[in-house]
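Those protein sequence lines, which keep their order, are chains A and B.
Letter 74 of the first sequence, counting from 1, is numbered 74 in UniProt numbering, and no numbers are missing.
Letter 57 of the second sequence, counting from 1, is numbered 57 in UniProt numbering, and no numbers are missing.
Don't read these hints as lab results, they were simulated from the structure.
In this text, a Cβ means the ideal position worked out from N, Cα and C, and glycines have one as well.
Among these hints, one or two may not hold up.
To be verified - Cβ-Cβ distance ranges computed for the label pairs, FRET-style: (1) A:21 with B:162: 43 to 51 Å; (2) B:141 with A:39: 24 to 32 Å; (3) A:15 with B:14: 31 to 39 Å.
Unchecked claim - In silico contact screen, one side only, chain A against chain B (beta carbon under 8 Å); selected entries: (4) 4; (5) 39; (6) 51; (7) 54; (8) 55; (9) 56; (10) 64; (11) 70.
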Amino acid sequence: MDIVLRTALMYLVVLILLRITTRRIMRSATPLDMVVIFFFGGIATPPILGDDRSITGALLAACTLAGLHTMLSHLKRVWPVVGMITEGNPVVVFANGDWDRTALRRMRVDPRDVMAEMRQQGISRIDDVQSAIVEHSGAITVVPKR
Amino acid sequence: MVSDPEGSDIEIEANQGFESVWSRAQFLLQVVIGAVVCAGLLGMFGNGWMSTSTRHFSGMPLAVTYQRLMRANAPADLIVAITGRLPGDVLELGVGSELLDRASIGSTRPGAAAISATAKGETFTFRLGPDHAGHITLKLSVRRPGPVGMTLLANGERLELPLFVYP
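Sequences are here, hints too, so could you generate the full structure?
Next up, the structure:
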């Protein structure tokens, strides 16, 4: 029982910490983002298993993680607010030639990150961009001018 | 071939047959995962309501609380509670070799006054306090999985404690 509860607690703690720390990990992980993942991975495991080195304990922890993740994925579909809390919303950081400095600061996104995405899409001038959006997945969508 | 035979190397057609089977298998696996987590919460894999058992010695005021379902390579406690006044100043607790073949007793709380080992098992001698009451905790560390017929002896009286160890 204790493993299930400890796993659930650590899952929620790491989820909240990742949510408030960074959202770019899945798409464009920089060393700054990767260090968070490596450390969280290492820090979260010992409190869950402790001295328990059994296969059953590891299996139970893995099943709890999988079960929680599946449950949250379903809940997110039923109640969008769950998705907003766990993943966030898309945020426009550049539109009509102006940077939204407040949004950039809140998202902790640098204009260089947006420009890197522009270059990957073959856009070389900022004047050719209609808007740039930081998606809930962490990806940066660049919409070119028509 | 992953995609439907209707597709080509470039154009991929969804393999509806496979997707349908996979969807059912995925749902079944999710149900199994849910069942495993519920069983874990109830203590079917140790450390919970279903795994904790308390047994009493018939001729002595001693209650033994232990995990009848435990995990190998995971710590577990065996607690002997003195529920009434015991005759004498000493309590001798013997653990049979059936358990010691699979597990080790790392420590006891309070510490034993004396420990003696024979082919039949280990005997821990505890000096009782002035009120002749309290708890004795044996810290178990089980190494090998499988069913175990553990025997506990208290001042010569035998108590059978069957348990199962998960891998």
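Could you say whether the range 31 to 39 Å given as a hint is met by the Cβ separation of residue 15 (chain A) and residue 14 (chain B)?
Given a distance of about 32 Å, which is inside 31 to 39 Å, the answer is holds.
Evaluation of the interface hint that places residue 39 (chain A) against chain B, nearest CB under 8 Å
Status violated, d = 26 Å.
Hint check: is the beta carbon of residue 55 (chain A) less than 8 Å from a beta carbon of chain B?
This hint holds: residue 55 (chain A) lies near chain B, its Cβ roughly 5 Å from the closest one there, short of 8 Å.
Let me know if the C-beta of residue 56 (chain A) comes in closer than 8 Å to any C-beta of chain B, holds or violated.
holds, 4 Å
Closer than 8 Å between Cβ atoms is the bar; does residue 54 (chain A) clear it against chain B? Give me holds or violated.
holds, 4 Å
How does the Cβ-Cβ distance of residue 141 (chain B) and residue 39 (chain A) compare with 24 to 32 Å: does it lie in that range?
holds, 30 Å
Was the hint right that residue 64 (chain A) lines chain B, CB cutoff 8 Å?
holds, 5 Å
Given residue 51 (chain A) was flagged as interface, is its beta-carbon under 8 Å from a beta-carbon of chain B?
With Cβ-Cβ at 5 Å, under 8 Å, it holds.
Please check whether residue 70 (chain A) passes as an interface residue: C-beta within 8 Å of a C-beta belonging to chain B.
holds, 6 Å
Could you check if residue 4 (chain A) really has its C-beta closer than 8 Å to a C-beta on chain B?
holds, 4 Å
Supplied distance hint 43 to 51 Å, evaluated on CB atoms of residue 21 (chain A) and residue 162 (chain B)
For residue 21 (chain A) and residue 162 (chain B) the Cβ distance comes to about 49 Å; the hint holds.
Consistency with the previously given hints fails for number 5 only.
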